[in-house]
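Spelled out from the first residue to the last, the chains are:
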Amino acid sequence: MTTGGIRMTKRTGAFILGGLLVALLLAGVVSNFASAHPDGLDSSLRQGCTFDADDNIIGGSCPAQQSRDHELADSPLADYGVRGIDNSYLSTGLSGVLGVLLTFAIGGGLFWLVRRRPSGGATEQGTPAGQGAGPAQAAQAAGAGAGAGAGAGAGAASADAASADARN
Amino acid sequence: METLAMHISNGIINGPVAAAFAALALVALALCVARGRQDLDDRLAPMAGLVAAFIFAVQMLNFPIFTGAVSGHLLGGALAAVLVGPWVGALCVAVVLIVQSLIFGDGGVAMLGLNITNMAILGTAVAYLLIALLLRILPRTVNGLAITAFVASVVSVLVASQGFVLQYWLGGTTDVGSSLGGLAGTMAGVHLLIGIGEGLITATTVVTVAKVRPDLVYALRSLRPIPAANPAPVGGGAR
Chain R
18 MTTGGIRMTK
28 RTGAFILGGL
38 LVALLLAGVV
48 SNFASAHPDG
58 LDSSLRQGCT
68 FDADDNIIGG
78 SCPAQQSRDH
88 ELADSPLADY
98 GVRGIDNSYL
108 STGLSGVLGV
118 LLTFAIGGGL
128 FWLVRRRPSG
138 GATEQGTPAG
148 QGAGPAQAAQ
158 AAGAGAGAGA
168 GAGAGAASAD
178 AASADARN
Chain D
110 METLAMHISN
120 GIINGPVAAA
130 FAALALVALA
140 LCVARGRQDL
150 DDRLAPMAGL
160 VAAFIFAVQM
170 LNFPIFTGAV
180 SGHLLGGALA
190 AVLVGPWVGA
200 LCVAVVLIVQ
210 SLIFGDGGVA
220 MLGLNITNMA
230 ILGTAVAYLL
240 IALLLRILPR
250 TVNGLAITAF
260 VASVVSVLVA
270 SQGFVLQYWL
280 GGTTDVGSSL
290 GGLAGTMAGV
300 HLLIGIGEGL
310 ITATTVVTVA
320 KVRPDLVYAL
330 RSLRPIPAAN
340 PAPVGGGAR
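Taken in sequence, the protein lines are chains R and D.
Each residue of the first sequence is one higher than the last, beginning at 18 in my numbering.
Each residue of the second sequence is one higher than the last, beginning at 110 in my numbering.
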């Protein structure tokens, strides 16, 4: 963490950690007790067809008939299971844990990369003087962020963000 | 057909319509990045990562509805909108959908634009409009916040489900003809119940966060009257 976040970091960090633990528990354990029935979208698309015990369409006409395999159906984590683990509780739970960690790493990482960067902690100090010095620094930070290659979307957006910062 | 599909799978909507919505979603997400950067400071960035991870976790928890032969799960737009705001919130839901599609084989890669448009863009936008309205007219109490989160969830899930009906009308691969209205009705009925479940989960989560760390609830932060001594309503940790 850089200079800007020092004051909030500890408490916020504890909250984030606690929240992550809850998410890991939900995805790793509670997920095994989730309903296995088709969800609202899937069931709506199955209206009009009849299914056998193995969930294959045996008659009728419905949108779900056109459903094709996923491009990445062979992914090691496809269908919320870990390939190679036969125990279904372990497989589902482990895939959930990996999913939560991956989502946090990818999401949190991207958000951290494109965040608004205070130079020299001006934002965190929050004094009127600090805010007064803000616009030029903020514009600089926005430019630097785009330069760091934060992603195509962020790059396209940087000019917009910088000018909006300057208006603040 | 044993796959666990929670989002639009391949083949349901035709290629051109899916591609058009992919382009639409890309433009919308770019706008969200541009506007979201205003909100994303050192505190909101990790919070947004947590919100995405939490939505991923709760989306795995399909709860039974109706007689138990149908299930539903959280979409997350309302939860994200309350906690991290509309722009970053839409990005959170989009991150979840992208991870699910690319790593967990849930929701066709070619259908990603459709799923993002419905759940990340439409769902979050509708939720935030309602949140902004309701937090102004309802009392500033725990109950007011809970009702806001609940109503925003129900409506956002309903609108997202009708987003799919619109997409199906434009490019559905099975000719449902005059029964498109039937599909709309079925989707609305099921998703009203899913929305109620989502509303309960969202209200519980939001109220819990608001009790522990009210300063981490974006919707409360941005609508709070600004004291004269503090001229920076979105000034990061300024408090």
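The hints are simulated quantities; they were obtained by calculation from the structure and are not laboratory data.
Since this is a predicted model, take the numbers as computed values, not measurements.
Treat the hints with care, as some may be off.
Claimed, not checked - Example chain D residues on the side facing chain R (calculated, C-beta under 8 Å, incomplete):
1. Met115
2. Gly120
3. Gly124
4. Ala161
5. Gln271
6. Trp278
7. Val285
8. Gly286
As the list claims (entries may be wrong) - Derived CB-CB ranges, DEER-like:
9. Asn49(R) x Leu309(D): 34 to 40 Å
10. Thr317(D) x Gly30(R): 15 to 21 Å
11. Gly76(R) x Thr250(D): 34 to 40 Å
12. Ser288(D) x Asp72(R): 35 to 41 Å
13. Pro173(D) x Ser105(R): 17 to 23 Å
14. Asp324(D) x Asp72(R): 21 to 27 Å
15. Leu301(D) x Gly126(R): 34 to 40 Å
16. Thr67(R) x Leu301(D): 24 to 30 Å
17. Ser288(D) x Asn73(R): 36 to 42 Å
18. Asn73(R) x Leu275(D): 44 to 50 Å
19. Asp324(D) x Arg100(R): 21 to 27 Å
20. Leu130(R) x Arg322(D): 35 to 41 Å
21. Gly35(R) x Leu279(D): 29 to 35 Å
From the three backbone atoms N, C-alpha and C, an ideal C-beta is built for every residue, glycine too.
Results for each hint:
no., hint, verdict
1, Met115, "5 Å, holds"
2, Gly120, "4 Å, holds"
3, Gly124, "11 Å, violated"
4, Ala161, "4 Å, holds"
5, Gln271, "12 Å, violated"
6, Trp278, "12 Å, violated"
7, Val285, "7 Å, holds"
8, Gly286, "11 Å, violated"
9, Asn49(R) x Leu309(D): 34 to 40 Å, "21 Å, violated"
10, Thr317(D) x Gly30(R): 15 to 21 Å, "18 Å, holds"
11, Gly76(R) x Thr250(D): 34 to 40 Å, "54 Å, violated"
12, Ser288(D) x Asp72(R): 35 to 41 Å, "23 Å, violated"
13, Pro173(D) x Ser105(R): 17 to 23 Å, "19 Å, holds"
14, Asp324(D) x Asp72(R): 21 to 27 Å, "48 Å, violated"
15, Leu301(D) x Gly126(R): 34 to 40 Å, "37 Å, holds"
16, Thr67(R) x Leu301(D): 24 to 30 Å, "26 Å, holds"
17, Ser288(D) x Asn73(R): 36 to 42 Å, "23 Å, violated"
18, Asn73(R) x Leu275(D): 44 to 50 Å, "30 Å, violated"
19, Asp324(D) x Arg100(R): 21 to 27 Å, "43 Å, violated"
20, Leu130(R) x Arg322(D): 35 to 41 Å, "24 Å, violated"
21, Gly35(R) x Leu279(D): 29 to 35 Å, "44 Å, violated"
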